[in-house]
Amino acid sequence: MDLLRFSTAGSVDDGKSTLIGRLLYDTKSLFEDQLQAVEDASRRRGEGYVNLALVTDGLRAEREQNITIDVAYRYFATPRRKFIIADTPGHVQYTRNMVTGASTAELAIILIDARTGVLTQSKRHAFIASLLGIPHIMVAVNKMDLVGWSEDAFEDIQAEYGAFAERLGVDDLKFIPVSALLGDNVVTKSSNMPWYDGGTLLHHLEHVNVGAHRNLVDFRFPVQYVMRAGPHHRAYAGRVASGSIRPGEEILVLPSGRKTRVRSVDSHAGPVLEGVAGDSIALATEDELDISRGDMIVRPLNLPSVDQELDAIVCWTSEEPMREGTRYWLRHTTREVRAFVSRVVYRIDVDTLHREEVDGFGLNDIGRVHLTAAHPVFFDEYALNRETGSFILIDPHTNNTVAAGMIRGAVRREQDLPSVPSGDPDARPRSPDVVWESWNITLQEREARSGHLAVVLWFTGLPGSGKSTVARALERRLFGLRCQTMLLDGDQVRHGLNGDLGFSPEDRSENIRRVGEVAALFFRQGCITLCTFVSPFRVDRDRARAVIPEGRFLEVFVDTPLEECERRDPKGLYARARKGEVGHMTGISSPYEPPDDPEIRVQTVGRDVDEIVDEIVEALRGRGVLPA
Amino acid sequence: MPLNRRSHLGQLESESIFLMREVAAQFERPVLLFSGGKDSILLVHLAARAFAPGRSPFPLLHIDTGHNFAETLEFRDGLVKELGLTLHVGSVQASIDAGRAREEEGPNPSRNALQTVTLLDALEELKADAALGGARRDEEKARAKERFFSHRDRFGQWDPKNQRPELWHLFNGRKNAGEHFRIFPLSNWTELDVWQYIQAEGIEMPSLYFSHRREVVRRDGVLLARSPWNQLMNGEEWEERTVRFRTIGDATCTGATESRAASVADIVTEIAASRTTERGGRSDDRRSEAAMEDRKKQGYF
Chain G
1 MDLLRFSTAG SVDDGKSTLI GRLLYDTKSL FEDQLQAVED ASRRRGEGYV
51 NLALVTDGLR AEREQNITID VAYRYFATPR RKFIIADTPG HVQYTRNMVT
101 GASTAELAII LIDARTGVLT QSKRHAFIAS LLGIPHIMVA VNKMDLVGWS
151 EDAFEDIQAE YGAFAERLGV DDLKFIPVSA LLGDNVVTKS SNMPWYDGGT
201 LLHHLEHVNV GAHRNLVDFR FPVQYVMRAG PHHRAYAGRV ASGSIRPGEE
251 ILVLPSGRKT RVRSVDSHAG PVLEGVAGDS IALATEDELD ISRGDMIVRP
301 LNLPSVDQEL DAIVCWTSEE PMREGTRYWL RHTTREVRAF VSRVVYRIDV
351 DTLHREEVDG FGLNDIGRVH LTAAHPVFFD EYALNRETGS FILIDPHTNN
401 TVAAGMIRGA VRREQDLPSV PSGDPDARPR SPDVVWESWN ITLQEREARS
451 GHLAVVLWFT GLPGSGKSTV ARALERRLFG LRCQTMLLDG DQVRHGLNGD
501 LGFSPEDRSE NIRRVGEVAA LFFRQGCITL CTFVSPFRVD RDRARAVIPE
551 GRFLEVFVDT PLEECERRDP KGLYARARKG EVGHMTGISS PYEPPDDPEI
601 RVQTVGRDVD EIVDEIVEAL RGRGVLPA
Chain E
1 MPLNRRSHLG QLESESIFLM REVAAQFERP VLLFSGGKDS ILLVHLAARA
51 FAPGRSPFPL LHIDTGHNFA ETLEFRDGLV KELGLTLHVG SVQASIDAGR
101 AREEEGPNPS RNALQTVTLL DALEELKADA ALGGARRDEE KARAKERFFS
151 HRDRFGQWDP KNQRPELWHL FNGRKNAGEH FRIFPLSNWT ELDVWQYIQA
201 EGIEMPSLYF SHRREVVRRD GVLLARSPWN QLMNGEEWEE RTVRFRTIGD
251 ATCTGATESR AASVADIVTE IAASRTTERG GRSDDRRSEA AMEDRKKQGY
301 F
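As given, the protein sequences belong to chains G and E, one line each in that order.
Counting from 1, position 528 in the first sequence corresponds to residue 528 in this note's numbering; the numbering is continuous, with no gaps.
Counting from 1, position 160 in the second sequence corresponds to residue 160 in this note's numbering; the numbering is continuous, with no gaps.
Careful, some of the hints might be misleading.
Looking from chain G toward chain E, a few residues come up when the C-beta cut is under 10 Å (computed) [as the list claims (entries may be wrong)]:
id : residue
1  : Tyr225
2  : Ala241
3  : Ala269
4  : Ser280
5  : Thr317
6  : Glu320
7  : Ile392
Label-pair distances were calculated between CB atoms; the ranges are [said to hold, decoys possible]:
id : chain 1 : residue 1 : chain 2 : residue 2 : range
8  : G       : His203    : E       : Gly66     : 50 to 58 Å
9  : E       : Thr269    : G       : Asp2      : 15 to 23 Å
10 : G       : Leu146    : E       : Ser7      : 40 to 48 Å
11 : G       : Thr120    : E       : Leu73     : 57 to 65 Å
12 : G       : Leu119    : E       : Gln231    : 58 to 66 Å
Don't read these hints as lab results, they were simulated from the structure.
For every residue, glycine included, the Cβ atom is placed at its ideal position computed from N, Cα and C.
Whole structure, please, built from the sequences with the hints as guidance.
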């Protein structure tokens with residue numbers, strides 16, 4: 001018999017407690033004395049029905065207020081499977097409890113009231129489930145009895161919610177029309193909805209593939225405890241976080257980097273052939289190495305990321321707000337290190353999914369931060385490995401758990417720039433046998449002297465859109481403000497540096513690649529670097545962006561319609577292209593891909609250049625590039 | 001046949017062992033609360049397994065109400081000897097004699113609530129910073145809200161409305177001086193899981209769990225066993241019945257149930273078909289709707 005852990009999110013109004021009550025009752029998991037106690041309590045409270053919510057809401061305060069506050073765990077089994085339910089509240093003020101329940105769940109049941117349809121909170125539940133990486137989501141469209149068992153009502157909800165979930169990247173989404181109150185399609189198939197030919201809720205719970213979220217590839221073994229039994233026995237106890245290990249395999253220990261082999265994999269009953277994700281085992285090694293709690297044992301050819309700067313999504317779980325620079329304990333696997341929040345990147349409005357700029361987080365806030373740890377952390381992306389991608393933050397004064405975190409990756413830093421961020425298909429080219437040296441004078445020192453931030457302003461737009469005119473006027477203005485500036489222009493770099501390139505798509509890409517590198521050098525010198533290039537392909541602009549630290553590459557889209565550009569035609573290129581005299585003319589015979597979400601967008605039709613420059617300078621002040 | 005590590009029992013065992021090793025790593029002076037019941041016996045066995053081939057680092061602490069079934073103490077001492085463990089006993093009688101606790105008055109006195117005083121005194125005396133208990137979330141609604149690592153303040157109190165969130169498999173045992181943690185490695189086990197594991201692993205259990213003839217009296221729907229501490233009330237009479245105990249605790253409040261289950265296999269079958277909870281026979285839980293929550297806030301097990 002196997003085990004499925006699932007979570008339920010919703011409030012009493014959705015019928016969540018009734019659904020759980022029904023599931024327990026119909027699987028004969030609710031006992032007579034429990035039912036008796038609930039009946040007695042319902043009667044004492046003057047309720048005219050058996051309030052099944054009293055089965056799940058265990059705390060006095062919950063029963064008084066008729067809401068679920070804290071996560072409650074419920075257990076039931078069928079002949080096929082044992083189930084652990086993490087029953088979580090649905091209200092936004094208990095988001096942290098929802099996150100807690102979701103953190104160990106493999107499946108989430110989200111309740112939607114068929115009468116009210118898809119509400120903001122139903123979307124929030126799907127967002128949290130997808131954020132926590134729950135692989136299966138089951139939507140119980142409840143109270144079908146109150147909409148006359150209507151197929152249309154069910155299908156409307158399915159269409160609307162399905163479209164929303166698709167945006168979240170939910171892979172496995174199932175919809176089931178139920179009536180928790182009457183029991184239709186919970187444990188037994190409904191005769192009221194012949195149009196529904198899928199299985200019941202319990203059928204799906206019994207047949208969903210368990211263990212799909214486990215990473216069975218990357219062997220990670222956080223050392224939990226060093227066991228000594230007698231002078232000659234030393235073994236490293238722990239739970240295999242992911243992957244598997246067998247005796248005789250070569251292993252590497254982090255952080256020391258020392259290698260040895262596994263002598264034996266031991267369970268409490270003696271040596272076993274293999275340790276697999278989830279197993280509590282102990283490893284004995286061939287060589288005596290200095291290994292202690294918090295170290296991680298891995299395979300030499302499959303290493304996790306090792307970094308002190310983490311880019312992560314956190315859910316704030318404390319009444320005490322989070323601010324940049326505050327110090328915490330960061331607990332990750334069996335390791336604990338000091339860390340502080342070096343940057344609050346944004347907060348996510350969990351109801352609209354919009355990103356908001358904020359200074360810190362309050363209770364239940366979810367958002368993205370950068371963390372700096374005092375020692376390296378050995379991690380994988382949360383999306384690839386829940387066990388080695390998750391962490392908590394602990395307040396060193398109150399000892400409370402103040403945040404739940406999911407690692408996205410390492411923060412891209414200046415000194416990392418020569419290495420291309422993971423996921424980028426093209427590694428940044430380098431000559432053979434060269435080693436990167438760090439910059440002599442850091443960017444921070446240069447910026448401290450100049451009084452403004454270094455940025456790359458990447459002007460893109462059709463030929464004739466006005467990129468150069470605007471950029472030249474802007475640079476003049478910035479120079480007047482005593483800024484360090486540099487302007488790189490397409491025609492300039494094609495004299496000399498890029499004189500060997502033509503206008504084929506390949507050559508255009510290489511042109512932009514080189515310009516990006518040159519821009520990066522000026523950037524590093526502390527300049528506000530203005531680049532005016534048609535740069536028609538998104539992928540090329542993104543590559544130029546990738547070599548600049550996040551937030552310092554600002555795309556300026558000069559958004560002038562093609563007709564207007566063609567009317568202006570300052571270099572006579574459009575006229576020549578129309579006559580067939582210029583091959584690969586962007587906008588005519590070669591495509592232009594406008595940016596999806598440029599940092600700055602300006603329109604030029606009927607506007608004065610100074611007015612546009614004012615607008616960009618304001619935007620730079622707003623982003624803190626220039627002092628206010 | 002060895003336990004299938006992919007099965008639900010294998011996963012529960014692995015989780016409990018992980019928890020116990022975490023306690024050994026995070027705390028300096030942990031103790032294991034031993035009641036004599038099946039859950040704490042299972043806990044002792046799992047602790048032995050978590051540190052095999054070495055010894056469990058947890059000494060046992062038994063809070064003795066003085067109202068024990070003889071079989072319980074006999075079994076306890078045998079287990080301690082077999083596994084080479086250290087046993088501490090906190091005596092409720094001693095707390096009463098020292099004036100730290102007062103015997104309940106009335107017709108049905110129980111020392112159940114008094115255990116809290118003795119327990120907290122014993123933890124302080126042993127300077128224990130963590131106490132492992134066999135409580136399970138399926139037992140009772142307040143226990144369904146418990147964490148694996150459950151914080152207790154300097155007065156041993158539980159604050160159920162302000163518990164630390166417990167995420168993934170990351171357990172926060174940080175605390176200030178004088179505070180301690182209650183640790184519940186069996187949180188996710190059900191009564192049936194416990195018996196199935198006992199069956200699969202051949203773990204020995206006290207005779208009280210198996211059906212036998214015993215003199216009992218029916219009171220408030222509970223069968224109380226004849227003992228020096230249970231007095232007959234008006235019109236009551238002792239009668240001999242075939243019973244077994246589903247839980248074992250203080251003899252004054254632990255009820256027997258009528259049963260013919262004479263082996264572990266019988267018990268597994270009986271529980272799988274049972275329509276009442278195991279704590280249905282505990283008069284201590286029946287005192288009010290939130291009896292357990294209230295006792296736990298004070299520092300009870």
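Quick rundown of the hints versus the structure:
| no. | hint | result |
| --- | --- | --- |
| 1 | Tyr225 | holds (5 Å) |
| 2 | Ala241 | holds (9 Å) |
| 3 | Ala269 | holds (6 Å) |
| 4 | Ser280 | holds (4 Å) |
| 5 | Thr317 | holds (5 Å) |
| 6 | Glu320 | violated (13 Å) |
| 7 | Ile392 | holds (5 Å) |
| 8 | His203(G) - Gly66(E): 50 to 58 Å | holds (53 Å) |
| 9 | Thr269(E) - Asp2(G): 15 to 23 Å | holds (22 Å) |
| 10 | Leu146(G) - Ser7(E): 40 to 48 Å | holds (41 Å) |
| 11 | Thr120(G) - Leu73(E): 57 to 65 Å | holds (60 Å) |
| 12 | Leu119(G) - Gln231(E): 58 to 66 Å | holds (60 Å) |
This entry does not satisfy hint 6, going by the numbered hints stated previously; all others are met.
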